[in-house]
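Every position in the sequence shown, counted from 1, becomes a number in this note's numbering once 918 is added.
A few of these clues could be false.
[As the list claims (entries may be wrong)] In silico SDA-like links for lysine to any residue, alpha-carbon gap of 20 Å or less:
hint: 1; residue 1: 1132; residue 2: 1249
hint: 2; residue 1: 1331; residue 2: 1148
hint: 3; residue 1: 1132; residue 2: 1254
hint: 4; residue 1: 1132; residue 2: 1218
hint: 5; residue 1: 1149; residue 2: 1254
hint: 6; residue 1: 1257; residue 2: 1331
hint: 7; residue 1: 1257; residue 2: 1321
hint: 8; residue 1: 1149; residue 2: 1110
hint: 9; residue 1: 1331; residue 2: 1186
hint: 10; residue 1: 1331; residue 2: 1159
hint: 11; residue 1: 1149; residue 2: 1176
hint: 12; residue 1: 1149; residue 2: 1293
hint: 13; residue 1: 1149; residue 2: 1160
hint: 14; residue 1: 1331; residue 2: 1263
hint: 15; residue 1: 1331; residue 2: 1187
hint: 16; residue 1: 1149; residue 2: 1112
hint: 17; residue 1: 1257; residue 2: 1143
hint: 18; residue 1: 1257; residue 2: 1312
hint: 19; residue 1: 1132; residue 2: 1201
hint: 20; residue 1: 1149; residue 2: 1199
hint: 21; residue 1: 1257; residue 2: 1234
hint: 22; residue 1: 1257; residue 2: 1186
hint: 23; residue 1: 1257; residue 2: 1201
hint: 24; residue 1: 1132; residue 2: 1263
hint: 25; residue 1: 1331; residue 2: 1185
[What the hints assert, rightly or not] Simulated DEER-style distance windows between Cβ atoms:
hint: 26; residue 1: 1223; residue 2: 1089; range: 55 to 63 Å
hint: 27; residue 1: 1089; residue 2: 1312; range: 34 to 42 Å
hint: 28; residue 1: 1080; residue 2: 1244; range: 25 to 33 Å
Derived by calculation from the structure, the hints in this document are not laboratory data. Just so it is clear, CB atoms sit at the ideal spot from N, CA and C, and this is done for glycine as well.
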Amino acid sequence: MRRSGVRFAILMVLLTLAMAGAWMVYRTPASDHVPADATAQFLARHWAQPLAPQGEPPPGFAAIEASLAPEACGTCHTSEFADWRTSLHSRSIGPGILWQFRVLSQDESNGCLRCHAPLAEQKALTALQHGWANAPERPVPSYVSGDLHQRGLVCAACHVRRHQRFGPPAQTRNAMQATRQPHDGFVAEQAFRDSRFCSTCHQFPPQGRRLEGKLIENTYEEWRASPAAEKGLSCQSCHMPGRRHVWRGVHDREMVANGLRRELEATRLDGSRLVVQATITAPGVGHYFPTYVVPKVMVSLHLRNSTGTREIARHVIGRTVSVDMDRELSDTRISPGGKSVVSAEVEVPAGANHVEMRVEVAPAEHYARMYQSMLERNPNMDAATQSLLREALREALAASYRLGDLVVGVPRKLGESQRAVAN
């Protein structure tokens, strides 16, 4: 494969996509000075890039206490580990990013790893695997499992710095005060309950990449301007309910269905004509829906009768950009408090007719387009890279799903309407 043939397209995408987007702990434009509040100060230290190696564990630590493997944490934190395994955080390293490591330099790849696998130990293992020039000369420490770099955003990425554990204040009183706690306990920090913690990877800095004057990723600022923020709801309130480590989002059918309100109405205009209107609002979403350039939501209206079913209208909700991410093609997202309306006027035959509203969600639509384009534009790439790309494309397409349809009968009387609602 010719590296120069794909570098531009890949870099335009990678330097702006997904969890790797933030490049720094988010601060407001006026934050050139030391942050004023304790949470901002903690986050500036906690996410100072690049993350420092853990170093040698304290002498009294058992092997399981020193380990950075998620399974070690799961020995005691069983429910958190079980939830994490179902989350996208556990899959932030996969074929969709692994193929890119085969094309990019070490520095460029480290830009992706800042959010996808941010620990220094994960970067070291990745460098050793790919034979990069700055790979460590000595083996990784014994407390680092050999596959840690393939495990994505592991527990330690957020909770461990130099073998010290950090987390939110405990919800219940600890009964082990008189004895030594595992890994010498933890440092309680309110920052783990603050949306700024999430903005580390889910918000571009003010000087980040923009199209049409808008940051490619602006989720934190969208939340700050939303009714959710005014109500005191943080990112964690919705994406980590009850402190669960699930981080559900647009990839999850139940969460999307619960966050949207869908309405379908059919009104008889005259003896043969019908007007159909579908309205979607997002009262349960604390930012634009969808917030990012990757997902798309397809809303379509269909007329169904004894002769079959035909589509009468279609609308895409989302921010669509070119594969190379150098142009914005459209932005039809639903803002907090906003709505999306799809309507059509249609001739209906005599007899029984029904109208359907379908909502199809493609959480990885942009990725699928990107992977397909890369395969088509670079047919001579090496077999290993091509295999990873094809696997990434299959995964992206398989992520799509459909919400339950809304169906109403076509009214027979002039001016009469039929309506269906899903909250």
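These are the hints, each one checked on the structure:
1. Restraint check: the Cα-Cα separation between residue 1132 and residue 1249 comes to about 11 Å, which is no more than 20 Å; the hinted pair holds.
2. Between the alpha carbons of residue 1331 and residue 1148 the distance comes to roughly 45 Å, so the proposed pair goes past 20 Å and is violated.
3. A threshold of 20 Å between alpha carbons decides the hint, and for residue 1132 with residue 1254 the separation of about 16 Å falls inside it, so the pair holds.
4. Only pairs whose Cα atoms come within 20 Å are accepted, and residue 1132 paired with residue 1218 is rejected, the gap being roughly 28 Å.
5. Restraint check: the Cα-Cα separation between residue 1149 and residue 1254 comes to about 13 Å, which is no more than 20 Å; the hinted pair holds.
6. With a C-alpha separation of about 29 Å, the suggested pairing of residue 1257 with residue 1331 is violated against the 20 Å cut-off.
7. Between residue 1257 and residue 1321, the direct Cα distance comes to roughly 18 Å. Compliance with the 20 Å bound is thereby established for this hinted pair.
8. Between residue 1149 and residue 1110 the alpha-carbon distance is near 19 Å, which keeps this suggested pair within the 20 Å criterion.
9. Proposed proximity of residue 1331 and residue 1186 is supported: the alpha carbons are some 7 Å apart, at most 20 Å.
10. Restraint check for residue 1331 and residue 1159: not satisfied, since their Cα atoms lie roughly 47 Å apart, outside the 20 Å limit.
11. A distance of roughly 18 Å separates the Cα atoms of residue 1149 and residue 1176; the hinted pair therefore holds under the 20 Å criterion.
12. At most 20 Å may separate the alpha-carbon atoms for a hinted pair to count; residue 1149 and residue 1293 exceed this at roughly 46 Å.
13. About 17 Å separates the Cα atoms of residue 1149 and residue 1160, which keeps this hinted pair within 20 Å; it holds.
14. Under the criterion of a C-alpha separation no larger than 20 Å, the hint pairing residue 1331 with residue 1263 is consistent with the structure, at around 16 Å.
15. Taking the CA atoms of residue 1331 and residue 1187, the gap is about 9 Å. The hint holds against a cut of 20 Å.
16. A threshold of 20 Å between alpha carbons decides the hint, and for residue 1149 with residue 1112 the separation of about 14 Å falls inside it, so the pair holds.
17. Annotation: proposed proximity of residue 1257 to residue 1143 holds, straight-line Cα distance about 16 Å (limit 20 Å).
18. With a C-alpha separation of about 32 Å, the suggested pair residue 1257 and residue 1312 falls outside the 20 Å cut-off, and the hint is violated.
19. Among the hinted pairs, residue 1132 with residue 1201 is inconsistent with the structure: their alpha-carbon atoms are about 23 Å apart, more than 20 Å.
20. A threshold of 20 Å between alpha carbons decides the hint, and for residue 1149 with residue 1199 the separation of about 18 Å falls inside it, so the pair holds.
21. A threshold of 20 Å between alpha carbons decides the hint, and for residue 1257 with residue 1234 the separation of about 13 Å falls inside it, so the pair holds.
22. For the proposed pair residue 1257 and residue 1186, the alpha carbon gap of about 24 Å is over 20 Å, so the pair is violated.
23. With a CA separation close to 10 Å, the supplied pair residue 1257 and residue 1201 stays within the 20 Å bound.
24. Between residue 1132 and residue 1263, the direct Cα distance comes to roughly 35 Å. Violation of the 20 Å bound is thereby established for this hinted pair.
25. Proposed proximity of residue 1331 and residue 1185 is supported: the alpha carbons are some 9 Å apart, at most 20 Å.
26. A hinted range of 55 to 63 Å for the beta carbons of residue 1223 and residue 1089 is consistent with their spacing of about 56 Å.
27. The beta-carbon spacing between residue 1089 and residue 1312, approximately 41 Å, falls within the hinted interval of 34 to 42 Å.
28. Roughly 41 Å separates the CB atoms of residue 1080 and residue 1244, a value that falls outside the hinted 25 to 33 Å.
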